[in-house]
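K.L.:
Line order of the protein sequences matches chains A and B. Anchor point for the first sequence: position 1 equals 1 in our numbering, and the numbering is continuous, going up by one each time. In our numbering, each number is its position in the second sequence, counted from 1, plus 1000.
Everything labelled a hint here was simulated from the structure, so no lab data went into it. Quick caveat, the model's predicted, so the values are computed rather than measured. Where a beta carbon is used, it is the ideal one built from N, C-alpha and C, also for glycine. Treat the hints with care, as some may be off.
Stated by the list, open to error - Here are the computed distance ranges between Cβ atoms for each label pair:
1. A:E52 x B:D1032: 50 to 60 Å
2. A:F105 x B:F1064: 20 to 30 Å
3. A:Q91 x B:D1149: 51 to 61 Å
4. B:D1032 x A:L107: 24 to 34 Å
5. B:E1153 x A:Y111: 23 to 33 Å
6. A:F105 x B:D1004: 19 to 29 Å
7. A:W115 x B:L1464: 38 to 48 Å
8. A:W58 x B:L1436: 49 to 59 Å
9. B:Y1101 x A:F108: 13 to 23 Å
10. B:V1053 x A:A15: 52 to 62 Å
11. B:F1273 x A:I98: 38 to 48 Å
12. A:T53 x B:D1004: 52 to 62 Å
13. A:A88 x B:F1064: 17 to 27 Å
What the hints assert, rightly or not - Among the chain A residues that face chain B by a calculated CB cut under 8 Å, a handful are:
14. L24
15. V112
16. Y113
Take a look at the letters that make up each chain.
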Amino acid sequence: MLEEFGRAGFLLLFALAFPLAPILISVLLGALKIRPKHPNPVKSSTYECGVETVGDAWGQFNVRYYIIALLFVLFSVEAVFLYPWAVAFRQLGLFALIEAVLFVFILFVGYVYAWRRQALEWL
Amino acid sequence: MLEDLDRIGPVLILMVSAGGILLVDLALHERDRRWLPFGALAGLAAAAIWTVVLILRGREAVVFSGTYSLDSFSIFFNFLFLGVAGLVVLASADHVRRLRYQGEFWTLLLLATTGMMLLAGARDLILIFVALELTSISQYVLAGFLKDDRSSEAGLKYIILGAIASAVILYGMAFLFGISGTTKLVAPEGQASIFALIAQGESGTRAALFAAMVMLGAGFSFKVALVPFQMWVPDVYEAAATPVAAFLSVGSKAAGFAVLLRIFYEGFGPDSFIGSDWSNLFAAFAVVSMTVGNVMALLQTNIKRMLGYSSIAQAGNIAIGVAAIAASGGGVSLGASGVTFFLATYVFTNLGAFFAVIVISQRLGSDAIAGYAGMGRRAPLLAAALAICLVSLTGIPPTAGFVAKLYIFNAAVQSDLVWLVIVGVLNTAVSAYYYLRIVSHMYVSPAPDEGDIVPSPWLAAALLTTSVGVVAIGLVPFPLIKAAERAASALG
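Only chain A is shown next, with the shape it has when bound in the complex (with noise of 0.2 Å):
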């Protein structure tokens, strides 16, 4: 019992070595003059997908995005709920039907509601 433990201590000390390593790995390049080091603004902007940068990160964001981002969370966890059930669907037979369709209409419960509190309104 306690080995296998061991093997997830063996996971957990190679997960911080993993990004650990290349960090220190740079900076000890840099204290031996190896590496060279000729900053500009470009290369030294923040990288975002490619996109130019807007702002810092502690700017203000509407607060309605909050229901948009929970709505889509929930309808997204859903699909992948369902993909499992959809893939399998020939041998689990009528009994995994109901629980599907009982599962898609409490989720539907939580939709009528949201739509009739206009939480899908756009002020």
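Position chain B relative to chain A; hints supplied.
P.N.:
Okay, now just chain B, sitting in the frame of chain A:
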């Protein structure tokens, strides 16, 4: 599988009525919303009737491959939680009518009750956690439901501290699963349970088991408000709407202790090799909770904060019963039935006190204890109802609180925990000061201004039920004691 569905029928009914109220509320006009509490009451009544039918047909069994147990313990708590929710619906009908989101309030109340009923019957760590989150998340939202500054702050405090407690519980559960490889507390036929695997486990498991026990104990102590996990109690009780505070004070405490009995008494067992460890853990919780709760309650000038600290002290009293279970060294113990019985009396007593506070605070516009002066003349019946509950909280006959305290102290004495009883009795003396101070304030001090205080019919019905209950249990405790003993016998 499907033929077992009727055994969780009461839970399903509550879930469906919660969803139904949410949808119906969307279609209703503003003035028709006053019918919603009747919908909530109808759902609770239907669940109670279903439970009675289950008893009559003798459907008690462990179902869903050992996940849920319909036994006398879960049936006892089904009735207890349905009763709590019913009384809270009566007490909050007036309050909710002033709110913007009415359907949501009733839905959350019913969902929290659903989670509590599942908790009392859960025999599997996963179901325990899911039911716990259903209850807790509903209660977080209810605590912040007023949406003013203080209520929001209380809700946020509750959710952050509660989430940490849930994480600690989950970590403890992960340890248990890591040791035993199963999530079942008790084995169904031919399968292994946590306890069976622990009993035959290797020597290295004791440390991990001890860590799991401490984490589960700490996490659930947060839910039942035992010191040192009580920080949220006074703030949340003070800032949340009073009916919500009433619901939190009895509902989450009863559910928390029910699941503690399930995990520690039924799962770990009193005569296992860690039995004395968890007995000592809860004895320590009991001593610090009673002492800190009572001493802090002495200093309060706000009655809701005072009731908050008093509920911490009462949680300490109940923890005496939990400690007594395992301290008996494997013999028959009154501890489990003591906890069950104490919770039932505590429901009536504490709800009654909160309901009287709802009526009086509504009129006075503040929760200051000073405002209760002369209440005996201004509102004789209301003052009497509050006085009965405060006397019962102190533990003076002929009220339910006296019988409950006697029973639980007796259980401790029989388990050789005399020192714990001495601490408990000393604390009762301290608590008498702040409980009876309010009683004397109501009857002796002159009233600053006259004017009757009349509760609404809803609240009057709720107050009448609790006051009659407190006195009736105090005078004729045996039927309820029998029921509690039967409930506890399902665990041992």
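K.L.:
Now tell me, hint by hint, if it's right for this structure.
P.N.:
Cross-check of the supplied hints:
no., hint, result
1, A:E52 x B:D1032: 50 to 60 Å, "holds (55 Å)"
2, A:F105 x B:F1064: 20 to 30 Å, "holds (21 Å)"
3, A:Q91 x B:D1149: 51 to 61 Å, "holds (55 Å)"
4, B:D1032 x A:L107: 24 to 34 Å, "holds (27 Å)"
5, B:E1153 x A:Y111: 23 to 33 Å, "holds (31 Å)"
6, A:F105 x B:D1004: 19 to 29 Å, "holds (21 Å)"
7, A:W115 x B:L1464: 38 to 48 Å, "holds (42 Å)"
8, A:W58 x B:L1436: 49 to 59 Å, "holds (55 Å)"
9, B:Y1101 x A:F108: 13 to 23 Å, "holds (21 Å)"
10, B:V1053 x A:A15: 52 to 62 Å, "holds (55 Å)"
11, B:F1273 x A:I98: 38 to 48 Å, "holds (46 Å)"
12, A:T53 x B:D1004: 52 to 62 Å, "holds (58 Å)"
13, A:A88 x B:F1064: 17 to 27 Å, "holds (21 Å)"
14, L24, "violated (31 Å)"
15, V112, "holds (7 Å)"
16, Y113, "holds (6 Å)"
This entry does not satisfy hint 14, going by the numbered hints stated previously; all others are met.
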